[in-house]
Structure formats: C-alpha cells, structure tokens
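Novice: Go ahead and model the full structure; you've got the sequences and the hints to work with.
Here is how the chains run, residue by residue.
There are 2 protein chains.
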Amino acid sequence: MKALKIPEATIVRLSVYSRFLEQVDKKGIVTISSGEIAEGVGVSPAQVRKDLAYFGEFGTRGVGYNVKDLLRHTLKILGLNARWPAVVVGAGNLGSALVSYRGFRERGFDIVGVFDNDLTKIGKRLMELEVMATEKIEQIVKQHNVKIGILTVPASSAKDAANLLINAGVKAILNFAPIVLSVPADVEVRDIDLSTRLEILTFHLCLKEMM
Amino acid sequence: MKALKIPEATIVRLSVYSRFLEQVDKKGIVTISSGEIAEGVGVSPAQVRKDLAYFGEFGTRGVGYNVKDLLRHTLKILGLNARWPAVVVGAGNLGSALVSYRGFRERGFDIVGVFDNDLTKIGKRLMELEVMATEKIEQIVKQHNVKIGILTVPASSAKDAANLLINAGVKAILNFAPIVLSVPADVEVRDIDLSTRLEILTFHLCLKEMM
DNA sequence: CTCACATCGTGATATAATTAACATTTAGGA
DNA sequence: TCCTAAATGTTAATTATATCACGATGTGAG
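Residue numbers (the numbering used here), protein chains in the order written: chain G, 13 to 223; chain W, 13 to 223.
A hint or two may mislead.
Said to hold, decoys possible - Derived lysine-lysine pairs resembling BS3-like cross-links, with alpha carbons at most 25 Å apart:
(1) Lys17/W - Lys88/W
(2) Lys38/W - Lys171/G
(3) Lys148/G - Lys136/G
(4) Lys136/G - Lys133/W
(5) Lys171/W - Lys39/G
(6) Lys88/G - Lys183/G
It should be emphasised that the hints constitute simulated quantities derived from the structure, not laboratory data.
Computed from a prediction, not measured in an experiment: that's the story for all the values here.
Specialist: In structure tokens:
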C-alpha cells in the first residue's frame, strides 16, 4: 500500500464502488471485472483499476475481482470496518432530517447526540434521541469518543458551534453552513453547500440557453 | 466572454465568492482586492483572478474590484439574476427539510411543488405547500416552467422519479439518492451523496491514525 | 500441452487545473 | 508632472489527474 497522496476524487469513487459492490454481492455475483464496475458507476475501466491500485492489488489478471473480497477491501480503506459515532449540531429542519436519515446508519454511522441552543428545540425527541443544549456537546463527545460532527446551524453560529465540537475532541466536521470554517490543521472539514450545488445547475442551464 | 470550457471547481468558487461579496457589500465596503476575497474564502489571490478571467475583466488594475459590480456580475454568471422555480420529489425527512430550507429562497430558488407516492404523505402541509402525488409532477412542472428537480426519494425509486421529472421537462436534477442516474445528454445531474461525504472524513481519520 | 482470450497492474502520455511571475495600468503624493 | 505603490489580467511553469497502451498472468477449449 503506497503512502502516496491520494486524490479526493479517488476516495469519492471508492465510496461509490463499494456501494455498487454491495448491490452486486446481494445478487449473488461472485466475480466482477473493472469494466463491469465502470459500466455500473459511470467511469472508465482504467479509472477503476487506477483507483484501486493506490491501495494494493485486489484482482486476478485474466479473471477480475472477487466481489466479496473487493467489497471488504474498499470498506476497510474507507474506515467502514467499524461503526462511527457522530453528533449533529443544529436541530432545525435539516439537522432533524439527518438524525433520522437511514443512509447514515446503513453505512456505519450512528448519531449519538443532537444539540441546539434554541430553548424551544431542547428536549424535543428525534428518533430515540432528545435534543440537548450545546453545553452538553463536550460530555457526549467524550463519553462516546465521537470524532465526527455534523454542522447544520445557521451561518451566523457555525463558527461557535465548530469550536465547541473541536474543543470537545471532534476531528472531522461535515459542514452544511454556507461559510468557510477555519480550523486547526488536525481537523478535517468538508462542506456541503446546498445552494452552491443548485447554482452549478443554473449555471449550466444558462450556458445552454445561450447556445 | 470566452466560450472555453470552464472547470466545475471554478463555478463552485464563483458561488462562494458571490456569497462572500454579499456579506462585504452589507458592511458598506465599496472596493475589494483579489487578495482580500482570497483571504475571506480560503483560496489564493491568483485563483480568484483566474476564475474571474474566464468571464471577463471586472476589476481595475492598481485598484481592485467594485464590490457591488462584481457581486452583480458573479450572480449574473451563475444565472441568479432571475428566480428559479424548483420541485422536490420525495417528502421524507430530507425532502421536507429542503422545502423549508431558507438558504434556497435567499439565493433565488423557489420550491413550487413537493411530491411523493406514499399515500400517508400526500396531503401533508409543508410550509405553504401540500404534498402531491407524483402524477401531478408534469402538471406543476409545466405550469411553472420548472427546470430544476430535487430528488430525495430512496435509491430504489430514484430512477422512476427522475424519469417523471425529465418527461415533464425538467433539465437539471439535484440527486440525493445514492445511485448513478443515467439521463439524456441535455439533462444535467449533480449528486449530493451524504454518506460519501462522511466517508471522505472517515478515510482521513483512519489515515491519521496510521501515522 | 498449447493457444486464444480475457483482464489486471502500471509506466508512459495527454489533459486539466493551479500556482507563479510579470508586464500593465491606475491612484496619489511630492 | 513624475515617481512609487498597489493590484489587475495574462502568459508560462508546475503540479495534479485521467487516459492510453501494453506486458503479464490466469482460464478454458481443443
């Protein structure tokens, strides 16, 4: 396993491959080629092989990949051989939706705490959880050894919320607030900016209109 | 305005710039340099100038950019000089959250319809809207000339839902379902895969653990 | 056993994106 | 008016990513 720098796009595709392999495995298929994976997820066969090559040799020349093996390897690479506890800060519409989002649980993520500092929200039940005051973040994060925080607060309180998470020991933040968080070097942040995603689409719609 | 191929990353950054400029404008600041924008959004000054250069010359050498002017230009480039009607298919937790998401409205997007084929959800009120059967998609899309669809249905029904949207005339889809949609060439799709986003984080958490 | 075929892993090549460097232009003061 | 400082727009260099092409290896038929 080479310790080279791995493109983020490779990680994203690896996640897609692994989910595709889960489907394939469920169908009882034992072996699969890079071409079939490529077909299934909409990339080139060479891309599939290149992505996998960053992490080792998982296939057999002339044959292909063993589905179960490759699935296990991809999950391992992504760190999904264990479950990950996570907390959500911001119990608005989006935060509440994420607490109940089944997709997270299916991929190994367990939401173990939801926080807000809006008094009208504290105490509200979401699934088996109860919304807590943000002062409780530290306690819960330490108790469950949480490394992942999901930020669904308004932009104006995102910086504060992020600091609470980081001080409590969180090392990775999924940020839905449309602002740039500045965090220590040992904390990973990825943004999901919903409006920006739509704006990519409007940009392309306009481009086409002009032609 | 050069008709060159523009990197998607440039569009994403343009969206970020424009939101940053809104803040700056609100503070009453009249002029800004590429360096200050860069500082504010966490990229390099050269990157800011390069991104803008794809679309024209908006600054004055030795001076910088007029904030209001540049804001107007960036919004125009993204197609945000007009409002965009959009529909949401899938009235589960995520879909419901997006209907009420204020960030969309603030950036010019109006949700004009929410659909589901779950009878227990049809008729439910979300904001000023009422969840409708998916058979109504075509009617609403045509009535409001909707070009943008947001897909928040489970993976298993995503393909069907996408087809309903496309047949009704939608040309751009924001897909939250964790599957690869295959669509006609004149339809733009962008995926937001929430689990994948978390998996990027777990990958990096594991990487660090190893070192 | 050998051959034809399928398919991987990878080094070489091509393409794309970012960063750096700089010539050019403007503002403002002596 | 001329000089300095600031900051753009743009070309060139660098770095990163994706594609291609092919040698290597395993399978199965004859």
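Novice: Taking the hints in turn, state whether each one holds.
Specialist: So, going through the hints one by one against the coordinates:
Restraint check for Lys17/W and Lys88/W: satisfied, since their Cα atoms lie roughly 18 Å apart, inside the 25 Å limit. Our distance criterion of 25 Å between C-alpha atoms is met by Lys38/W and Lys171/G, whose separation comes to about 19 Å. For the hint linking Lys148/G to Lys136/G, the alpha-carbon distance of about 15 Å falls within 25 Å, and the restraint holds. Between Lys136/G and Lys133/W the CA atoms are separated by roughly 22 Å; this keeps the pair inside 25 Å, and the hint holds.
As the CA atoms of Lys171/W and Lys39/G are separated by approximately 19 Å, the hinted pair is consistent with the 25 Å bound. A C-alpha spacing of about 19 Å is found between Lys88/G and Lys183/G, which places the hinted pair at or below 25 Å, so the restraint holds.
Checked against the numbered hints above, the structure violates none of them.
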